[in-house]
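Just so we're on the same page, this note's numbering is the position in the sequence shown counted from 1, plus 901.
Think of the hints as simulated: they come from the structure by calculation, not from any bench.
On a predicted model such as this, the values are computed, not experimentally measured, just so you know.
No farther apart than 20 Å at their CA atoms in a straight line, the calculated lysine to aspartate or glutamate pairs in the DMTMM-like style are these: (1) Lys-1070 <-> Glu-1056; (2) Lys-1367 <-> Glu-1306; (3) Lys-1145 <-> Glu-1007.
Ranges of calculated distance between the beta carbons of each label pair, as one might list FRET restraints: (4) Cys-1252 <-> Arg-1346: 24 to 32 Å; (5) Thr-1430 <-> Gly-1106: 29 to 37 Å; (6) Gly-1106 <-> Lys-1305: 54 to 62 Å; (7) Ile-1582 <-> Gln-1134: 52 to 60 Å; (8) Lys-1305 <-> Leu-1338: 34 to 42 Å; (9) Ala-1458 <-> Pro-999: 43 to 51 Å; (10) Gln-1419 <-> Pro-999: 32 to 40 Å.
All C-beta atoms in this analysis are idealised placements derived from N, C-alpha and C, irrespective of residue type, glycine included.
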Amino acid sequence: MERILITSALPYANGPLHFGHIAGAYLPGDCYARFQRLQQNEVLYLCGSDEYGVAITLSAEMAGKTPQEHVDHYHEINKALFEKMEFSFDHYSRTTWPGHTKVVQELFIDLWKKGYIEEREEMQLFSEKENRFLADRYVLGICPKCGYESARGDECVKCGASYEAIDLKNPRSKLTDTPLVLKKTEHLYLRFDKFKEKLLFWIQGKKWKPNVMQFAKHYIEELKPRAITRDLQWGIPVPLPRFKGKVFYVWFDAPIGYISAAKEWGEKIKRPEDWKKFWLDSDTKLVQFIGKDNIPFHAVFFPATLMGVNEGREEPFVLVDELPANEFLNLEGRQFSKSEGWYIDLEDFFCKYSPDQIRYYLAAGAPEHGDSEFSWKEFQIRCNSELLAKYGNFVNRTLVFLTKECGGKTPRYELPTSSEDKDFLHAITAVVNEAYLAYANFSLRKAASLIMELAAVGNSYFDLQKPWVLAKDPGTKKELARIFANLLECIKTLALISSPIIPMTAQTVWEQLGNTSQLAKESWKCILTTPIPAGQVVKPQLLFKKIEDEEVEKEIAKFSPKNPVANPGDSVVSTLKSEITFDQFQTLDLRVATILSATSIPKSKRLLLIELDLGFEKRKVVSGIAEYYNPQELIGKKVIFVANLKPTKIMGVESRGMILAASFDKEVELPFLQNVQPGSIIS
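Between the sequences and the hints, there should be enough to build the whole structure, so can you do that?
In structure tokens, the structure reads:
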């Protein structure tokens, strides 16, 4: 028996979750936890609300609430969604519970005493009217690049430039519209640069996804001291007299929430020391499910923090073993956005559709190796053609026939003797073995497809045996009993392998076979090796209902027309720029370049740092395409590159050139070349 500690990224309590979030870090974590419990392993599955940070204070102030009122509201909303979707957390915590503060401060003091914290004096924007320093989210000003007058504190919405808030011209408060001044302040930095060698050695043995490994290695190679404090009132106080009034940066305290959540769980079950066997025992396997935007915090910063704390400890904290990081799920080709009316009303959704329908749909299209999307039409197709027509049809037709023609009781199972029965058993075993590996290796897409494959195997056997023909002959009762004993074993197995993904349906099927126990608490191995007892009464009932075209059309019609998606036939109307001469065009040095690497830039949602091979040299550029392309999908692509553009600094990184892209509305597309070699001239 293994001991496995499983976490899903703490959702930020600054708004309601949507299906895009669920597909990334939460459904995969829940399915894995359910699977491991079926293996009879000792599992602790933790999650909870991340409740500090500037974004929360800003949202609370704009809503006229206190930060605590704000996070209380969204903590309950998101917790209720997880419950609605049958998530099996052993404990759902929150970072505003008092025990979390104690753990964060204890770990900080430990790092402080070991010399991993340093003090720095710096200039930041200060509001004399509000008598406080303002983080970039509270700041507006004139863009230092294009002159746009309402640029944000970290990024210009007009030209896309990224910068530090102090680079803005005429900065002002977003809340009071009053001018800001520069003022000295002191902050604490964690010396991540001291952990570079340890991290590089530690990460060598990991078999994570290529995108996770490359992301992590890039961050490790560029490691620098990182600020862990902010000038705020909302947050965990720094426990040093000299730094009274400062709180910890949310990125520092939030991952420690996994540890404090385990402590709170121990208190809840009245075994306060039990958390230690999960966090302080080297035999524990730590698996952390995250979205790709959380990779640096879980693959680099949190492990480095624990490495510092672990020095000299008799019982060191475990470090992450597996880090499944999924991509993003969009909605009908665009990002989920409630402000733009591009979202699904979850309260309305669950009045019409079951949790298992959405769990299955999200698993079948899980964004494991690239972004995927929710499509109402595809949701309808999967629910109707797979859950209803394959899974539900196989179970229902078998149990209804058994009830009508064979007395409705489970026959005694005997080992197969005919070649057809042996082939059937072999097919079942093969699917089960593949399903085991799919769950163990975090592949929900594969597991979902295997569920339908097993249902198809059962349906094929049913059709091959033609029980409706045998039922006409009173002398074939023994033959029918053999056939249905085999079919019921297939249904039992189907319930088992589908239990992690569609637990409510699997439990219903389990009970339809005459069982009274809770399937989720049974043993995978025992279910496979123990035949269904003879004489149990089967109880057929429909598992799924058909989703009609009219329903889906109504759902699609709900999308707001505020920002309609352009049709392919729509013309792109844009004012032409002034004419130039051929000689002026000739001054542009356009080259073919191959993308060698692409990584996100910290503090920016839009920017990627891209390294290119021009054939005769390598260049690094900053490109605002992070919202449109998965970095790993870009590697090896050949693009059009402006090679003689004057270098400029963006977010502190020198960008030497520009990749050309086409844009329409909010979409961006890169033109990729195929056969020409890097360095080739484009004219």
